[in-house]
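Student: Sequence:
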Amino acid sequence: MLKTHFISDLTPTLDGKEVIVAGWVHLIRDLGGKKFILLRDKSGIGQVVIDRNSQAFQVAKDLTQESTISVKGVVKADKRAPNGVEIHALEIRTLSVAKAPLPLDVSGKVKADIETRLKERLLDLRRPEMQAVLRIQNSVVKAFRETLYSKGFIEIFTPKIIATATEGGAQLFPVIYFGKEAFLAQSPQLYKELLAGAVERVFEIAPAWRAEESDTPYHLAEFVSMDVEMAFADYMDVMHLIEDIFVNMVEYVKKNNEEDLKLLNHELPKVSKPIKKITYKDAIELLQSKNVNIKFGDDISTPELRTLNKELGEDLYFIIEWPASARPFYTKRKDSDPNLSESFDLIFRWLELVSGSTRNYKREVLEEELKARGLNPVNFEYFLKWFDYGMPPHAGFGMGLQRLMLMFTGLQSVKEISLFPRDKKRLVP
RNA sequence: GCCGCAGUAGUCUAGCCCGGUCUAGGAUGAGGGCCUGUCGAGCCCUUGACCCGGGUUCAAAUCCCGGCUGCGGCGCCA
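The first sequence lines up with residues -8 to 420 when you count with the working numbering.
The hints are simulated quantities; they were obtained by calculation from the structure and are not laboratory data. What you are looking at is a predicted structure, and each value in this text was computed from that prediction instead of being measured. There could be a bad hint or two in this list.
Pair by pair, the computed Cβ-Cβ distance ranges are [unchecked claim]: (1) Glu204 <-> Val369: 27 to 37 Å; (2) Val101 <-> Ser316: 45 to 55 Å; (3) Lys171 <-> Lys100: 29 to 39 Å.
Glycine residues also receive a C-beta, built at the ideal position from the N, C-alpha and C atoms.
Can you build the whole structure from these sequences, using the hints too?
Tutor: What follows is the structure, given as structure tokens:
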């Protein structure tokens, strides 16, 4: 047996009990006649004491940092120990010896550049800070799923190898599919809409790919997209849903990841319903009043969003009702003003986290909107044909997980969040 | 892709402006020694580096040019 307890299971009440713990050698403090090993497992770091007289002493002599070991020992409650409890080793089994020196200091004494960290990513992911990020991400995803489950959504899985571009715009990665040209999906957009036409409420958490030049702390060639589509609903309905999701995610992380947040020295932004909404038109006017050179129809780019964030004084805000021309063909125009659309972006400070809209659900309208963007409806027949058979009105949104995680961790780059980021220059590890 | 900044041992960093005293300093790691309560353990010894190529100069880590790589901002992009 290699392990009977996780390190965090050990409490002073177990005093005198024989246990087996296993993990990585985080740090060794060698006092000559006595050694202390800080042993790390998924649950935390605990102290193993090795006395000169024990059998374990000889084995411990050859240990290196990050080697994996299994320790049979007796739990001792001792106020001198870091958690008030420690293990006095009887027997140590070396499971795997780590080479020294390590290419990255896991114990945190010497900080490494992001470049080194990504290159030596597995060691980086052993750092307590990165483990905290992973646990927070797990909570975020769990709260997202559970909010949607509670509202009757079901999780779907759509094809990631597709025949044609979904939205125009973004560049796709081509793949050779049994001798034919195909592409990696940039978004599950069209499939999730179709599925909402079958089961009403769907969501998907899956990778998406964009072959863009974008070289910023907010872009990845491969990212995780959290997508939702809801039939018999409009953009206002899905914004309410987003508010519920965000409130739940923040509450869940606050409750379950207190230690992780402390470790990252991060405080979550306050999120309460309703989240501030500003129309695109008002946003443009506000920017113009601050002497920003911008006009109706322009995209609101990062520098402008920074200004908006400052002026609004809100961490989280919706920009709603974008010009229809600035949105993809499936976005429904506003009945009262066809130049505008029933759309929204949710912005965290100056970073777009979510983008959504009411969708067009009438075939004629979709065909017109495709043509208006220079796209050929014939190429979208696989999608359009289903609109002949009772497609309900629907609305939905997509959210970038790595960007969302910046809000939950205080990290500065999605490359730090992604375990093995893919960008213009990185294909390994 | 553009602009700015940077690249020094396994890792992190000082030195670069004002070229020579740099035989490149420190931390951490690694090897060795001392040490039975460390908790960033301590003390002593040892080890290991100027991104690549060209140029200026008596002399280049230091100045100049080009390349590569990274970071930030922007662009492209949801």
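Student: Which numbered hints does this structure break?
Tutor: 3
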